[in-house]
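There are 2 protein chains.
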Amino acid sequence: MLHKNDLILRAATGQPVSRIPVWLMRQAGRILPEYRAIRNRLSGFVELVRTPELAAEVTIQPVDILDVDAAIIFSDILVIPEAMGLPYQMVEKKGPYFPTTIKTMDQVKQLKVADPETDLHYVLDAIRLAKKELAGRVPLIGFAGAPWTVFAYMIEGSGSKTFSKARGMLYKEPELSHNLLEKITLSTIAYLKSQTQAGADLIQIFDSWAGILPKSHYLTFSLPYIQRICQAIENVPVTVFAKGAQFAMPEIGKTSCATIGLDWQMDIQYTRQLLGPEKTLQGNLDPCVLYASNQDIARCTRKMIDAFGTQRYIANLGHGVYPDTKVDAVKCFIETVKNYEL
Amino acid sequence: MLHKNDLILRAATGQPVSRIPVWLMRQAGRILPEYRAIRNRLSGFVELVRTPELAAEVTIQPVDILDVDAAIIFSDILVIPEAMGLPYQMVEKKGPYFPTTIKTMDQVKQLKVADPETDLHYVLDAIRLAKKELAGRVPLIGFAGAPWTVFAYMIEGSGSKTFSKARGMLYKEPELSHNLLEKITLSTIAYLKSQTQAGADLIQIFDSWAGILPKSHYLTFSLPYIQRICQAIENVPVTVFAKGAQFAMPEIGKTSCATIGLDWQMDIQYTRQLLGPEKTLQGNLDPCVLYASNQDIARCTRKMIDAFGTQRYIANLGHGVYPDTKVDAVKCFIETVKNYEL
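If you read the sequences in order, they're chains A and B. The numbering used here puts the first residue of the first sequence at 42, with every later residue one more than the last. The numbering used here puts the first residue of the second sequence at 42, with every later residue one more than the last.
These aren't lab readings, by the way, just hints derived from the structure by calculation. Hints may be right or wrong, so weigh each one.
[Claimed, not checked] Computed list of chain A residues with no C-beta within reach of chain B, every gap over 12 Å: (1) R91; (2) P128; (3) F139; (4) Q151; (5) K153; (6) D160; (7) R178; (8) R208; (9) A231; (10) I253; (11) K256; (12) A286; (13) Q306; (14) D308; (15) Q314; (16) G359.
[What the hints assert, rightly or not] To spell it out: a stretch of chain B is covered by chain A in this simulated footprint if at least three of its residues, at any positions, have a beta carbon under 8 Å from a beta carbon of chain A; those stretches are: (17) 48-61; (18) 201-208; (19) 217-226; (20) 243-256.
Everything numeric in this text was worked out from a predicted model, so none of it was measured. All C-beta atoms, glycine included, are put in the ideal place defined by N, C-alpha and C.
Just chain A, with the same shape it has in the complex (with noise of 0.2 Å):
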């Protein structure tokens, strides 16, 4: 489909831009009232994942409201599980909790491959929705978590500032471990093809707990699985977005992503000589800017800019951007993207 605005593709795929492309993680969510309004019509957060119509009227609100140059289906990266056969609560405050989490072989063998069409059919009709009511006016991002943050939440049972359990497992039972990464790899393959099919332009890969495992691990439980997806994903560009993994770089650079996305601590310059002019770099300003005045949101914003460079580059946070920011800070963090000069 040609989009009136195709500028992250374009970016995400190395072709020179007029301006730089702009979008928040998490921007459809808690930040804009008319998020709230309807989530707070509904049972829950899951409830909302899982009816379509009010899945794809999010995705869209900030595109409408903020103007952003792509739409990012709204979802979570725990349907993987539940489809998987590991169902999954969100609890208000809390965060996600399994009720049954993952601890012996037979567990991991009684998990079935997700079958997307059947398990996900709510995801791919949001996202067929999405791209109706978006008309070609922007690209839209489907997503899915790499495979060891999904498998870290399918051990812990819910979030945790160490994934102990998790990580432990990897010591504990490294067959076993290698065995459900594979089973998500799988489940997630099929589901990120099925979102191109329905109409996703770009794919991320959140791997939001990759900077919690020594670097021997990433490289042994993580970033050969992603690299599988990577290569599964031929028809759009991948972004990989793996938190806390600056150290692992070189290479995250080897994997064959079109896009690579830092968080706000990664160093914009060491990033950008490392990988040369192969990768798109996405990211990354530090949500908490958007707490201070606008004057040094702006300074901070072109500052960030002046480091990445106006070509190859998609610009956004290096996080989630945080329920409590207000609106008019993310405005003024997009114009001021808009609004430098190449």
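Could you slot chain B onto chain A? The hints should help.
The following block gives chain B in isolation, referenced to the frame of chain A:
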């Protein structure tokens, strides 16, 4: 005082050792049934911290039971905000909670610089009692939080995955931030000096939340205050443990500390090569290794020592030992270190 076992002091000051000294962060704590027995008699964690006889008793337990080469005084980094006028509670299974947090410069002005002899006498009493009971068997480590980490709790009010309020304060109110960090630093210097006068033989500074700051902020809002503390503590060796701050290792190496703690993700060879023979290194086994078999624990421990070398080195974990770790696993780690042939 002369110690029967002064291995850790020799290692910290760069003298040759006949075998590698070993202790564990959080060794005095929930892993020991003997600790839990005492803890369960009390109303809570804070009561234990404030009762010198019992704090001294749990300080000694790991020396008796695990045969480690150092004791560390049982206390908490948040006694400093309390002594400054901002009390905290420890909520079971949730962690620290401050009923009031710092939001304004007026509040900062109302805080006092802690006077250890009056406000923190219970810690000093515990140190004196522990020293007496240790009777020179092994050295006693005193400690405090790094000013940034203490600041983070005083602004945020509790633990947090993002510490977005605390990080946001650095952008919004840099002057307030520096004022508060200054007061925490003065309090900490007075506190640590009192600890050494009461008998602490080494000091460790815990910068538990170093790893969430962008490098420029770390170098502005954290490390200069740590250096002030290192310079002020002249009579005993100081260890800096800045969790997650591999990115600032060159700068940490330039502080006047004797020993640098490595977390489980930090690169041993890189750090050793960077810092050369002027600093002692401490760490850094992934605490999750202790969930594996004794055979794997021994193998991973030996591999770690191979990388660190045997001199200018103190064996430890790369994070506090996790509460559900088996005592036998801890003993296997300690034995493996002690049996490593120089």
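- Which of the numbered hints are not met once you compare them with the structure shown? Failing hints, ascending: 8, 10, 11, 12, 13, 14, 16, 17 and 19.
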